[in-house]
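Undergrad: Each chain, written out:
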Amino acid sequence: MDRQVSLVRAEVVENRELVPGVFLLRARGNFSAQPGQFYLVRAWGLDPPLFRPFSAFDLSQEGISFLYAIRGRGTSLLARLQPGHSLTLLGPLGNGWPQPEGKLALVGGGVGIAPLYLAAKAFREADAYLGFPGRPYLVEKFREVAGRVWVASERGQGGHRGSVTEIFTPDGYRVCYACGPREMLARLWEMCRRAGVWLYVSLEERMACGLGACLGCTVFTRSGPQRVCREGPVFPAQEVF
Amino acid sequence: MPDTSVRIGSLVLKNPVLAASGTFGFGGDYARLYDVSRLGGIVSKAITLRPRAGNPPPRLWETPCGLLNSIGLENPGLEAFLAEELPRMRELGTAVIVNVWGEDPEEYGELVSRLSLPGVDAIELNLSCPNVRGKGLVGENPEATARVVAVCRRATDKDLWVKFPPQGEVLQAARAAQQAGATAISAANTYRGLAIELETGRPVFANAIGGLSGPAIKPLSLRLVYELSQVVSLPVIGSGGIVSWQDAVEFIMAGAHAVQVGTGNFIDPLCAPKLVRGLRKFLVQRGLGSWELIRGCAHRGGISGAA
Ligand SMILES: Cc1cc2nc3c(=O)[nH]c(=O)nc-3n(C[C@H](O)[C@H](O)[C@H](O)COP(=O)(O)O)c2cc1C
Ligand code: FES
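Taken in sequence, the protein lines are chains A and B.
Following the working numbering, the numbering of the first sequence begins with 470 at its first residue and continues without gaps.
Following the working numbering, the numbering of the second sequence begins with 11 at its first residue and continues without gaps.
Be aware that one or more of the hints could be misleading.
If you want a taste of the chain A side facing chain B, the calculated C-beta under 8 Å gives, among others [to be verified]:
| no. | residue |
| --- | --- |
| 1 | Leu476 |
| 2 | Leu559 |
| 3 | Ala677 |
Hints were generated in silico from the structure; no laboratory data involved.
Idealized CB from N, CA, C, for every residue including glycine.
Please take these sequences and the hints and turn them into a complete structure.
TA: And the structure:
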């Protein structure tokens, strides 16, 4: 049986710029996403025509939050939202992370850390490896819920100087959940494959319906064409690389 | 209580609002969000004889108030459609229209023949997909259109809706379709459009050309429906940028019997059922018993009696 999806309007509680160009948006309401699931979000009329997909970053009694970076028109419009403004949300969508079996590592690059926080909360004792192009953000929140937390950034702020794939080693893990730039995921897949660690990756693709109807978000996998919004966004890495 | 229904060939739709092909899958995805039996009907994603994987990503590109797509007819193929999707579509409580695409007239003939099944309320011949490399669009050409429609007419008793592109010799092609035995004219599919990435200087889509839909094209498609409804006596089903009940009324006033909502579903997932409600309210508020009085009124000097 397919899970129900709802379309709701929600009030913005906070829209905070964490570092230049990166925002955490909180909205009020009763939401129930699984870790790794996402919502389609919009806060404008006809233009741009499409919603924007964002992973649920965190859920609480008060509402839901999303982490996003300004990339184009949609995210620029979101960045202007003030408390009291309203958002339209469609979701929860997608499959989410599987239940991990064995020791879990979470690896995120930039706003790719978004789908990992709920995972860290739900799957206790997971270690987190977080990479950032500039100044790190939300690291303290991860420290509250994750096992050990490692940080890498281009100029070494908050930890290692360099990329997250330099601090992560697959030894000692059974599974790894990752989200971030394609090159980072490909590099991780190399490492995990050699070490015999199961890697799951959360993919991003442009979306129109978010429901599985338009086939606008299809990626080609080893088991044929798959919809990122429906069969994904989480795929076993061996399916996509 | 106004009569919101419309007749298209042998089919009576409970209201004139259809979900457009390719934007609504087989209906089940949107049924997770609302009761799709409120719609007048659902047109399936294009079905081909064999499964097709479609084009590589990206497949979507936004333009001001518009959407370019390059899906490339991804679909599970006729057999899987018949085995898995059609039975579920029939359970949705509304008219089922199957959109088909073939490589040549014979393939169209085979598709419609094998779709001559109970529960298929009409077949929409897609003569207008802009997203297949190296293929001219059949619907741009009157002779090619007549060939496909004639083969299909011999192959099935089902109602045949013929879906045209908005470019080419569409008016002549629609007349040819009428002569060859079409039941209705569906107009129009997306406009052939292009976007280029500035960084690379290359078209954004692997296939270069995509199809433009959404509010950006509405006046163009409305004009086409207006012209088509003067040159054919068949019912015309309008699509292109319809996102509000007001848009739908304009299409009906231009001569359309029914309308299809495509990109509108992406702008607002509840767009189609909102249109159903808005259209009914329009009839009530105007004191109209049915669509009869206003359909095509733009050709006749407007609503009779209007100041
Ligand atoms: C993503 C997408 C996929 C489509 N796929 C099909 C298709 O398979 N067959 C077809 O006849 N038309 C297809 N169309 C065209 C629509 O059915 C519709 O005719 C067109 O988009 C114009 O209407 P709109 O502006 O309301 O979207 C597709 C359109 C879009 C946006
Ligand atoms: S966005 Fe429409 S199928 Fe995934």
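Undergrad: Going back to the hint list, which numbers does this structure go against?
TA: Hints that this structure does not satisfy do not exist here, as all of them hold.
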